[in-house]
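Trainee: Each chain is listed here by its residues.
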Amino acid sequence: MAVGLPENIFITKLDAAANWARSNSMWPMPFATACCGIELMATAASRHDLARFGAEVMRFSPRQCDLLIVAGRVVMKMLPVLQRIWLQMPEPKWCISMGACACSGGVFDTYAVVQGVDRFIPVDMYVPGCPPRPEQLLAAVIEMQAKVRRTGTVMGREFTIRDTPDGPTPFDQDERYRIQDANLIQLGGFSAAATGKGLQGRSNRG
Amino acid sequence: MVELSVLQSRFGAGITESVFRDNRRIDVSSGSVFEILSGLKAEFGFSMLIDLTAVDWLEYEGATDRFSVVYLLLNMDTGERLIVRTAVNLPDPCLPSVYSLWRGADWMEREVFDMFGISFTGHPDLRRLLMPEEFDAYPLRKDYPLKGRGERHNFPVITRSGS
Ligand code: SF4
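Residue numbers (the numbering used here), protein chains in the order written: chain X, 1 to 206; chain C, 1001 to 1163.
Do not rely on the hints blindly, as some may be mistaken.
Dumping the calculated DSS-like pairs for lysine-lysine here, alpha-carbon to alpha-carbon at most 27 Å [stated by the list, open to error]:
1. C:K1147 x X:K77
2. C:K1142 x X:K77
3. X:K147 x X:K13
I should point out that these hints are in silico values taken from the structure, not numbers from a laboratory.
This is chain X alone, in the form it adopts within the complex (with noise of 0.2 Å):
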């Protein structure tokens, strides 16, 4: 059935309007801790500009932001940090992990850093490259964009379908035969070795 429209009125979805208006005004939130922070900068700044595409608003509180930036590596005692400001940040929000570090631990596997962010937040889109040159992070904010408009729903039902982590378990079976393995090298010399004794055994830290 033909309906007349009035002029400068125009009918679409509920959800179609407000993905428009989502995906062209992400405020994003730079976590940049390491050297992928600079390449954050770089894109944010006038040569690759940023603001072409609607998210040049860096807001370095996250109660303004909708999408977070993991720029860098993330090392335990950033980490309680990091989920504090994903939590803070009011929904719908989206989060972009940023480079080598941020999606995997990169080349730092070691006691302190984190290997990938994707294990203890939530993370839409992964940027590779170490640093991913800011043409990278445009194209990973135009997909953004792209995912938002295909995906979105005003009431963020395509949150709540998403219940279990997005990355690796955080103990996967591997890492736990490589820890057996390094604590069963028998280390002669010296009487009292091993002391440390690690933090498997105890509930999550608050």
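We have chain X already, so just place chain C with the ligand on it with the hints.
Mentor: What follows is chain C with the ligand alone, placed relative to chain X:
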């Protein structure tokens, strides 16, 4: 330059000297290290503590002690440098703090405590400096695995629907 014989006559014969690439080092016993350092500061003009760090000698060929604690001193008037080393061992590696001599030793001793588990008696605030408070290993000890014992995985997981 402060001659070894001068130091030995002042602080006792237990001091030995060695040179490596123009760096002059004296080895002293852990019991007398505080007295020697305060003497070096007060009488020999070593007014600045450049660095304070430690070495783990586990599995090192010919090593007799588990840890060395190293003090790098500088005489600000003559430019002379001197490295003072002392040895400590498990199970309770412990030294007197030099915070009362050089305030700069504050964080250096905290770092050595954090990384090697060597405690310094008399330090005003001996907490971990780099690692989280609840971390209970000493990562720069040679018997600690590089990839840790799983501490880096022990965090709550936040899923998308749960946040
Ligand atoms: S991925 Fe490379 S550039 Fe980015 S934080 Fe890690 S080391 Fe630095």
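Trainee: Looking back at the hints listed earlier, which ones does the structure fail to meet?
Mentor: As far as the earlier hints go, not one is violated by this structure.
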